[in-house]
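K.L.:
Sequence:
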Amino acid sequence: MIKIVGKGYKYFLLQLSDFLEITKTIVVSLKSVEGRKKYEKIFGRKFEDKKDNSRILTIHINQLTLTNFIGDLFEKTICLATFKDHFLSKNSKFKIILLGSDKKNKKKAENSRLCVRSISQRVLSDFFEDMINVLKRKINIPYRVKPLIVKSKDYMENVLPWNQILAFQNLKKFRGYLRNIFELNPSLDSYFTNLQVSLGYTPQLEVLAFNNIFKLEVSRCKLGYSNLESFIRDYNQNQALRNELKIKSGEKITLSSYRRNLKMIYPYLDKYAELLIQECKNLNLIGNKIWIWDRRFFECNCSGLKNKETGQLSDPDAGHYVKKTGKYSVLSGTGYTDTCIVDSWWGLPVYWDAVNASKNDNTIFQDTINQCMKSATEKPVFVIADAGPDSHLSNETVIEKGIIPIIAARANSVGNILKTEKGTHFRAQYIPRIYHKLLGKLYNIRTTVERKNSNDVVGYNRSKTPTRGSLWAKTYVSISNIAALLTALTAFEVGRHDLIRAPGAFRRLNV
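End of the sequence shown = 511 in full-length UniProt numbering, gap-free, step of one.
Note that these hints are calculated values from the structure, not bench results. Keep in mind that a hint or two might mislead.
Okay, derived cross-link-like pairs now, DSBU-like style, lysine-lysine, Cα gap no bigger than 35 Å in a straight line [unchecked claim]: (1) Lys464 to Lys306; (2) Lys146 to Lys281; (3) Lys271 to Lys289; (4) Lys289 to Lys323; (5) Lys323 to Lys379; (6) Lys173 to Lys248; (7) Lys437 to Lys327; (8) Lys263 to Lys246; (9) Lys437 to Lys248; (10) Lys464 to Lys441; (11) Lys422 to Lys271; (12) Lys271 to Lys281; (13) Lys252 to Lys271; (14) Lys327 to Lys474; (15) Lys172 to Lys248; (16) Lys441 to Lys401; (17) Lys464 to Lys359; (18) Lys289 to Lys146; (19) Lys327 to Lys359; (20) Lys374 to Lys146; (21) Lys306 to Lys263; (22) Lys246 to Lys289; (23) Lys422 to Lys289; (24) Lys289 to Lys379; (25) Lys422 to Lys359.
Work out the full structure, taking the sequences as your base and the hints as a guide.
P.N.:
Here it is, written out as structure tokens:
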């Protein structure tokens, strides 16, 4: 008798000698290479594994009946004969497993209105290899693209000294000086100088010129000064900062004059930002494929207490913000929200605004999308957001602009809800079916905007405005985002892609 053991299969072959009480037992293990060779030598053929090629679809009991599952989700109608061929024939490779709830949650499941499908549970046509061929190979969504190739002579020659050029090219730890931002971006001086001429404004002091005021405010952002008083005091006392900005005048500035001229250039910051954004697009620093939205709370210079007589805050434009950030922790304060849209390639901002912090996420998101698309010349393919603005109206607002919304749904949402392997929910009716398998990868890109917010808070120390009022809050947000764009452009021009998103780059003073 020959007994072969392997992978659950046993073969018993009776020989003529068995009846003559002459037996010989041979044990062959098919799990080893030697055992397979022994099998081939005995039987003269190779061993064929019996593989189960059936494809299993897991359907939760809350997903109604199988007929409804088929009728709602098939892209094309299917006749009864075709259905029998694929499901009822003996040779069918299709199996269905119905999963019920455990005893504890059985009553809750029966009364539940949810119809949640896992991404891997798809539609029945996904189990027919000859019927669908969509996104079968592994797809890598580009996290970022390479900018154009930069040569030092294109930007740095005749602008920077040779020792700095060599340092940028050979020393990875060299992160540049503050003056590099203003030397390599001549559009800054030309724009604000022409603006001052067009307005016919003549400042009392040379240092209060529009281009100098803007340079000072960008420097305050890069150096991480949280208030105006300390920065102006250091500027008046620190000659190195004057040299860094190439301000030859030794005159001292006051807080009132600084704020007055800064307020005058605020209405023209958005136009200058559009020039920088377009320049970033030309250099492949900003794309038009995937944009990400998020809001960031920052406090204002307000006590948060309302006046008993008027019932208003000391900053009437601000609002009270409350958000649960953990099981026992709550973030609260009085201030504004930085509602920002960034590009997925390098996390650079393409639109921003400052609004009352007490507004709902849905309201802020919808207003941001409407305002952003008014000024946008090119629209993205996707807009990604967290579950904050989850609603039918938010999804419809994005779709009306010809964009696909990748907005996470809340866990208790009802309707046709998709669920990824990591447990994130999405509203299936607003996302084309061909992108369902990519939802996990697409949503992972959302962390790009979190890194941008982290740079603002940690890198630039921009978590509290030094003044009150919505106008100053908008100026505060605009300076932060323009500083990020100028940093990216400067890093590109010196050929250092590792500094494009680094808030600590171009911060040192060249003493």
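K.L.:
Assess, step by step, whether the Cα of Lys327 is no farther than 35 Å from the Cα of Lys474, and give holds or violated.
P.N.:
Given pair Lys327, Lys474 holds - Cα atoms ~32 Å apart, limit 35 Å.
K.L.:
Please verify whether Lys173 and Lys248 have alpha carbons no more than 35 Å apart.
P.N.:
holds (31 Å)
K.L.:
Within a Cα-Cα threshold of 35 Å, do Lys437 and Lys327 meet the stated pairing?
P.N.:
holds (32 Å)
K.L.:
Verify the proposed pairing of Lys252 with Lys271, using a straight-line Cα cut of 35 Å.
P.N.:
Roughly 30 Å between the alpha carbons, so the hint for Lys252 and Lys271 holds.
K.L.:
Lys327 and Lys359: Cα distance at most 35 Å?
P.N.:
holds (23 Å)
K.L.:
Please work out if Lys263 and Lys246 have their alpha carbons no farther apart than 35 Å.
P.N.:
Holds - the C-alpha atoms of Lys246 and Lys263 are around 23 Å apart, at most 35 Å.
K.L.:
With the threshold set at 35 Å, check whether the alpha-carbon distance from Lys441 to Lys401 stays at or below it.
P.N.:
Holds - the C-alpha atoms of Lys401 and Lys441 are around 23 Å apart, at most 35 Å.
K.L.:
Given the proposed pairing of Lys422 with Lys271, does the C-alpha separation stay at or below 35 Å?
P.N.:
Measuring from Cα to Cα gives roughly 41 Å; hence the hint is violated.
K.L.:
Is Lys464 close enough to Lys359, meaning Cα to Cα at most 35 Å?
P.N.:
holds (18 Å)
K.L.:
Between the alpha carbons of Lys323 and Lys379, is the straight-line distance 35 Å or under?
P.N.:
holds (31 Å)
K.L.:
Given the hinted pair Lys172 and Lys248, is their alpha-carbon gap at most 35 Å?
P.N.:
With Cα atoms ~32 Å apart, Lys172 and Lys248 stay inside 35 Å; holds.
K.L.:
Are Lys271 and Lys281 close enough, with their CA atoms no more than 35 Å apart?
P.N.:
holds (16 Å)
Hints 9, 11 and 22, counting from the list given before, are not met by this structure.
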